[in-house]
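K.L.:
Add chain B to chain A, keeping to what the hints say.
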Amino acid sequence: MKTISNHSYPLEVKALEIGYQVKGNKRSLTPPLNFTLPPGSLSALVGINGSGKSTLLRTLSGMHPALSGEVFLKGIPIQELAPTHRARSLSVVLTEPLASKNLTVYELVALGRHPYTNWIGQLSTEDRTRVAYALEQMELDSIKQQACHTLSDGQLQRALIARALSQDTALMLLDEPTTHLDLYHKVKILKLLKEVTRMAGKTILFSTHEIDLAIQLCDHILILSPELSQFGSPCNLIESGGFDALFPGDTIHFDRTHGMFKVNK
Amino acid sequence: MRSSKKTVSIFGGLVVLLIAALGVNLSLGSVPIPIEDIFGSLFGAQTGRESWQYIIWNYRLPKAITAILIGGGLSLSGLLMQTLFRNPLAGPFVLGVSSGASLGAALLIMGVSLLGGVGAGYFTSDLSLIVASGLGSFLVLFIVLLVSTRLKDPMALLIVGLMFGSITAALVTVLSFFSQAEQLQQYIFWSYGSIGNLSWSQVGLLSIFVLAGVCISIGLLKALNALLLGEKYAVSMGISTSRSRNGIILATGLLAGGITAFAGPIAFIGLAVPHLARQLLGTQDHRILLPGVLLYGGILMLVCDVIAQLPFSAYVLPINAITSLVGAPVVIWLLLRRNRMLF
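Chains as they are written, first to last, in the numbering used here: chain A, 1 to 265; chain B, 1001 to 1343.
Derived by calculation from the structure, the hints in this document are not laboratory data. Any given hint could turn out to be false.
[Claimed, not checked] Here are the computed lysine to aspartate or glutamate pairs in the EDC-like style, where the Cα-Cα straight-line distance is at most 16 Å:
id: 1; chain 1: B; residue 1: Lys1232; chain 2: A; residue 2: Glu96
id: 2; chain 1: A; residue 1: Lys101; chain 2: B; residue 2: Glu1231
id: 3; chain 1: A; residue 1: Lys194; chain 2: A; residue 2: Asp219
A quick note: this is a predicted structure, and the numbers were derived from the prediction, not measured.
The following block holds chain A by itself, in its conformation from the complex (with noise of 0.2 Å):
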């Protein structure tokens, strides 16, 4: 039977479960998942670690097979997709460090045209106006000439971001982006890619740590856990009491007035 879906949402996802083959033994990391994440969205990907956040958004990215259930794109099964057209309709930011660090930062921006260049990857004008905006968007213009070695975690992690920009899918998925960042360019990775969904009408699931900034900066948060994963808007998550089981009770505990996680006194 083949299931029905929607041409217009960037990713849909249905029944899908998630996980690995161990020894011929399906070996499943939470319940099976149905989401869709409407156009011009920011959500969040929040669970304890070995949750299968990363597991997911390879999943999604096509990366790593699904155990069962579907991924569509745009209404069409990834496992569908050709390679061009798959980079074409999703982009990512991944946790592994970068192959080669002396790439400069609009090289490596400009690498996210790969998709779209020709034979030997020569920049059209159409190129170098999606890399000029994109560098423009993540404010990276004044250091676009530097080597990525020499750049610090927040702007290694804007250049990343800015190079999955360029790629210019509708769907782009980042794996903890703000991960070793301070508090101050946690929020401004997040804040800039609230913009990009706002300016720019891209999708954007992040899988974060970060559960009070997300909760104040998302449109939806998937909580993923081995009993029940839940998705819905912060504010819904919050009165349907979904963070008060996301982490084990003896440390801290979910504060719902404030929407926030407060240490146990």
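P.N.:
Coordinates of chain B only, in the frame set by chain A:
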């Protein structure tokens, strides 16, 4: 990336240097020939003596062209390996491709005589040597690649390459223990590396190998640039990693395997030149680095050959020793300047 104007002028400088190195290379040798006669001969004029004409056209010119082909080809294969393995110390020699070729050559030169007895020497024709060492290098590349898919740490791969070097060296030792002095000598001369014994038809054959490797590499330029971000990013941008991997291995096999077959092992050029070219051109872009390493490698090999000839003497030193003498200090220098080893 530096401005394109600067890049163009660097390339202009490289071309001028290549022509200069070619001129010096042609004018030096055991027989002193006046420089005007050399250039006259190249452009079809009569030389002062007939023997000069012969020396230039049948000895010095094919050798110089071989040097350019070898230097450029090895440098390109080093560049491919460094990008594929994301390892700045990778190269045809370090990863055991040349060791594979030497095992192939040793098996042919010494192994056949063990099996075949008398008359085995007929088997060691030039073509069979080329085939044997080519097969050897492809085999080792294939095994290294299989191992690399199971390794996460790129540095571990260097150790794997070293181990292959040890294994092949041990096998060659065992072979040589059982072989005749004559065969042993033939093998040792092969391992010295030599770029001077190629006829025009062999130079033509070698250039086909190098040209094929260069053509495949040109087709891989886009994938190579994507691999600068890492394999996962490359996949996310629509690059087929298995196809580009196979292409890179094929190109490296043709370049490194072919060159080692024709000229014997030539150390360090393939490892050092990509770094020198990156530093000179100030970019990671393979579209600029590819012609860059070809030119730079050609120049360096011509210079090494000049040194190997010991100007104004009748001796010719083993080229493999000279490239190591030039290349090894470069590698040490790269390690000392840690920043520059990033790639």
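K.L.:
All the hints need checking, so say for each whether the structure fits it.
P.N.:
Checked hints:
1. At most 16 Å may separate the alpha-carbon atoms for a hinted pair to count; B:Lys1232 and A:Glu96 meet this at roughly 9 Å.
2. Straight-line distance between C-alpha atoms of A:Lys101 and B:Glu1231 comes to about 14 Å, which keeps the hinted pair within the 16 Å bound.
3. Annotation: proposed proximity of A:Lys194 to A:Asp219 holds, straight-line Cα distance about 9 Å (limit 16 Å).
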